[in-house]
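Undergrad: If you read the sequences in order, they're chains A and B.
According to this note's numbering, the first sequence is numbered sequentially starting from 1.
According to this note's numbering, the second sequence is numbered sequentially starting from 320.
Be aware that one or more of the hints could be misleading.
[Unchecked claim] In the DSSO-like style, the derived pairs of lysine-lysine whose C-alpha atoms are separated by at most 30 Å in a straight line are:
1) A:285 - B:560
2) A:318 - B:560
3) B:543 - A:278
4) B:543 - A:17
5) A:106 - B:543
6) B:560 - A:278
7) A:17 - A:106
8) A:106 - A:55
9) A:17 - B:367
10) B:543 - A:140
11) B:560 - B:367
12) B:560 - B:518
13) B:427 - B:367
14) A:17 - A:188
15) B:560 - B:400
16) B:518 - B:400
17) A:188 - B:400
18) A:318 - B:543
No lab work stands behind these hints: they were computed from the structure.
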Amino acid sequence: MAEVLVLVDHVDGACRKTTSELLTIARRLGEPSAVFVGAGVDAAKETLAAFGAEKVYRADAAALTDYLVVPQAELLAHLVATVSPAAVLLASSAEGKEIAARLAVKIGSGLITDAVDVQSDGAGGVMTTQTAFAGGYTVKATVTHGVPVVAVKPNSAAPEAVSGAAADVAVDFTPSALASGARISAVKPRERTGRPELTEAAIVVSGGRGTGGDFSKVEAFADSLGAAVGASRAAVDAGWYPHTSQVGQTGKQVSPQLYVACGISGAIQHRAGMQTSKTIVAINKDEEAPIFELVDFGVVGDLFAVLPQATGEVTARKG
Amino acid sequence: MNIVVCVKYVPDAQADRTFNASDNTTDRVNVDGLLSELDEYAVEEALKIVEAGEGEVTVLTVGPDQASDAIKKALQMGADKGVHVNDEAIHGSDALATSLVLAEAIKKIGMPDLVVTGMASTDGTMGVVPIMLAERLGVPAVTFASELTVSGSGVSARRDGDAASLTVEAGLPALVSVTDQINEPRYPSFKGIMAAKKKPVENWTLADLGIDSGAVGLANAWTKVEAVAARPPRAVGTIVKDEGDGGAKLAGFLAERKFI
Ligand SMILES: Cc1cc2nc3c(=O)[nH]c(=O)nc-3n(C[C@H](O)[C@H](O)[C@H](O)COP(=O)(O)OP(=O)(O)OC[C@H]3O[C@@H](n4cnc5c(N)ncnc54)[C@H](O)[C@@H]3O)c2cc1C
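Please work from the sequences and hints to get the whole structure.
TA: Take a look at the structure:
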């Protein structure tokens, strides 16, 4: 069976949830091989083995990690040439998409990004599903040329635990001169909030202009549900919440089990980031707000009254 | 400093965007279009850089006849000249082919110090054309810049990643893509609108760029859209008015759906 390369998405060896999802998808297409770049492979191996990685290609030279995108794309191109995989899967994050894009040009392959599902097309290729136009359309696509390169969004598969050998394969690889073109000269880690990460969370509670800058009720409700906190661009532009929490076209695209929009009108650019959520709830003073067109459950009311009561009820019910 | 800004003509997000039934490509003709809002940030950033020093801003677009509107808007904002690559054969091109056409056009314009683009288009939204373009031009890419400093020899940008905020540096020539956090795009002034009418716009075809039509277009794309379907409208939900019990009702719904 052909190998399927999965670029491991991790922070110092702590695998992000997308990695187990990608390994699960890889098993539909062939034999999963993880590609691990950077430090921490020992910490990651347990997870990689638990989700079926048969091999772990690892490369941890500083030349690969101090520079943006290009070295990883070159490493993957090198592996594609040596192992002729059935497909290459990456996380559809900003960086994952860029690595995928450079790789596709290098190896002359068709590229799919933002996939929400990947299946075998029954003929050795892939059949992917994406959404288009702010979630208004579903598109199915195939790759017709080269080794399919597919960037997959978080929450696109339920991770299935299957043990794999996770055989260690050290890759001896030196990137080209171009790879050092864009250098990462400083890294400022994000402040830890203790809440789940926005794109991975099962529940997201977001606040908009309607919070008037006071996110405390939104955060308290989120915490009662163990949810991540998001924000509309209006709230971000006002400086109330960091840009990294923005949900929408120019922020994060989330697809949780439950999305709660508080004081958000539901502009098309906001919808582009949350419309594929399984269940949608909104609290808005204005019964005409377009967000109500999307909801499974809506409350017309003041979020400063509704949220504290809901938080109290949730906490009480959880006992 | 000479800058080429790549811009895209896209269907208006406020309009009913759709696909052509015959070939599953984005309908760019029967819907109101405009300069992609995310490219306005790129035009603005290029203008600011040139205004702070010297040089010229050239706007480049690849698209059908109507795409000249995107160039016009950028010229009205203050760009110096335009290049429009327009060829029937380009219809239906994927990101790979689009980046090829842009790269060849930039080589014909003459490699500038900087290529500036938006972070993604507002229609396709893949956000990969900038990086593919850099790959083809063989220049470093500093993408998703939310803050940019340009010196005589290089660029430095703030890039907000998932886990950290990065400072990324590169020497010139380079490609930079900018986010909607970077600036506040200007509105064309009356003077700008009048001046734009006299600014030169070149119209090129694939032949002018020496690109074989077999390298682009729908038939030669390396991905194929097999099917498109409008998402079924969401089932109408329950909407309650808060009469002092809205929060409790909300919690009840969440419990019923097993979120609690
Ligand atoms: C190129 C481009 C990209 C964009 N990208 C994004 C993006 O990524 N994400 C994004 O979110 N937006 C984006 N936008 C902006 C988008 O168009 C909207 O302007 C934005 O989403 C509005 O945010 P909002 O809903 O919080 O504010 P508003 O539209 O002002 O809505 C506030 C809502 O709060 C309600 N409200 C007020 N007070 C209360 C209260 N006490 N209790 C309950 N409800 C209350 C009001 O009834 C109103 O519906 C983008 C725009 C452009 C042009």
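Undergrad: What hints, given by number in increasing order, does this structure fail?
TA: 9, 11, 12, 15, 17 and 18
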